[in-house]
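All chains, please: the whole structure from these sequences, using the hints.
These protein sequence lines map, in sequence, to chains R and Z.
Each residue of the first sequence is one higher than the one before, counting from 1 in my numbering.
Each residue of the second sequence is one higher than the one before, counting from 1001 in my numbering.
Hints are computed from structural coordinates only; laboratory data are not their basis.
C-beta: ideal position from N, C-alpha, C; glycine also.
Some clues are possibly wrong.
[To be verified] Computed footprint of chain Z on chain R; a stretch qualifies when at least three of its residues, placed anywhere within it, have a C-beta under 8 Å from a C-beta of chain Z: (1) 30–43; (2) 104–112.
[Said to hold, decoys possible] For each label pair, taking beta carbons as the anchor points, the in silico distance ranges come out as: (3) 1008/Z with 58/R: 23 to 31 Å; (4) 1039/Z with 84/R: 24 to 32 Å; (5) 40/R with 1014/Z: 24 to 32 Å; (6) 16/R with 1055/Z: 51 to 59 Å.
[Stated by the list, open to error] In the BS3-like style, the derived pairs of lysine-lysine whose C-alpha atoms are separated by at most 25 Å in a straight line are: (7) 44/R with 1100/Z; (8) 1100/Z with 51/R; (9) 27/R with 1100/Z.
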Amino acid sequence: NAGVMQNPRHLVRRRGQEARLRCSPMKGHSHVYWYRQLPEEGLKFMVYLQKENIIDESGMPKERFSAEFPKEGPSILRIQQVVRGDSAAYFCASSPPFGGLDTYEQYFGPGTRLTVT
Amino acid sequence: QKEVEQDPGPLSVPEGAIVSLNCTYSNSAFQYFMWYRQYSRKGPELLMYTYSSGNKEDGRFTAQVDKSSKYISLFIRDSQPSDSATYLCAPGGSGGSNYKLTFGKGTLLTVNP
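Right, dumping it as structure tokens:
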């Protein structure tokens, strides 16, 4: 059973370019979460999605950031017009449908390390 | 006051030692308490979690929660060099956002052979 997959693992963008980060959840998982880890900081919640629905985006910066989880394909975190402050590790996690004993278990992918030059 | 406080360490112990890792939190609405292990340049790996107060044991690891004092602990018995990593506590389940985890900054542990 493959774990959470993220790609690319490393991404370098110049200021002003767009960054697209992809996440495929574990098989059987229908919930996806994105977290950001800034240098010397803890992981911060950004957004929670289910298929075709954004459930909670309270942790997303108001501008330039968007996320989607289409009916088919991976979840995408998109950062437009990147700035140096966007340089961080972005982690995706997935969890099984709610209601079971494992409801609260979030499993993380290896992350995408974004560097903005 | 930060929602989750965790001593960043670094913590260095000899192989075989008992390790105690701790967090405090301020939000009394947290319902469940996760522990993750993160190796350098890797994603967090779920170790174990507890729901509400009490203890939970899994092999060499014991998680303990005291909701009255808002204190979370992870104990590692017979520590091994392979346990060297950053340990993250992450309470969650407050209010209507029962899926949202709030992470501490992590404690860096080194177990010396």
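Hint check results:
1. 30–43: holds (count 7)
2. 104–112: With 8 residues in contact (Cβ-Cβ under 8 Å with chain Z), the coverage given for the stretch 104–112 of chain R holds.
3. 1008/Z with 58/R: 23 to 31 Å: Holds: the Cβ-Cβ distance is about 26 Å, inside 23 to 31 Å.
4. 1039/Z with 84/R: 24 to 32 Å: 27 Å, holds
5. 40/R with 1014/Z: 24 to 32 Å: Given a distance of about 28 Å, which is inside 24 to 32 Å, the answer is holds.
6. 16/R with 1055/Z: 51 to 59 Å: Given range 51 to 59 Å: holds, Cβ gap about 52 Å.
7. 44/R with 1100/Z: 10 Å, holds
8. 1100/Z with 51/R: 18 Å, holds
9. 27/R with 1100/Z: Roughly 21 Å separates the two Cα atoms, so the pair holds.
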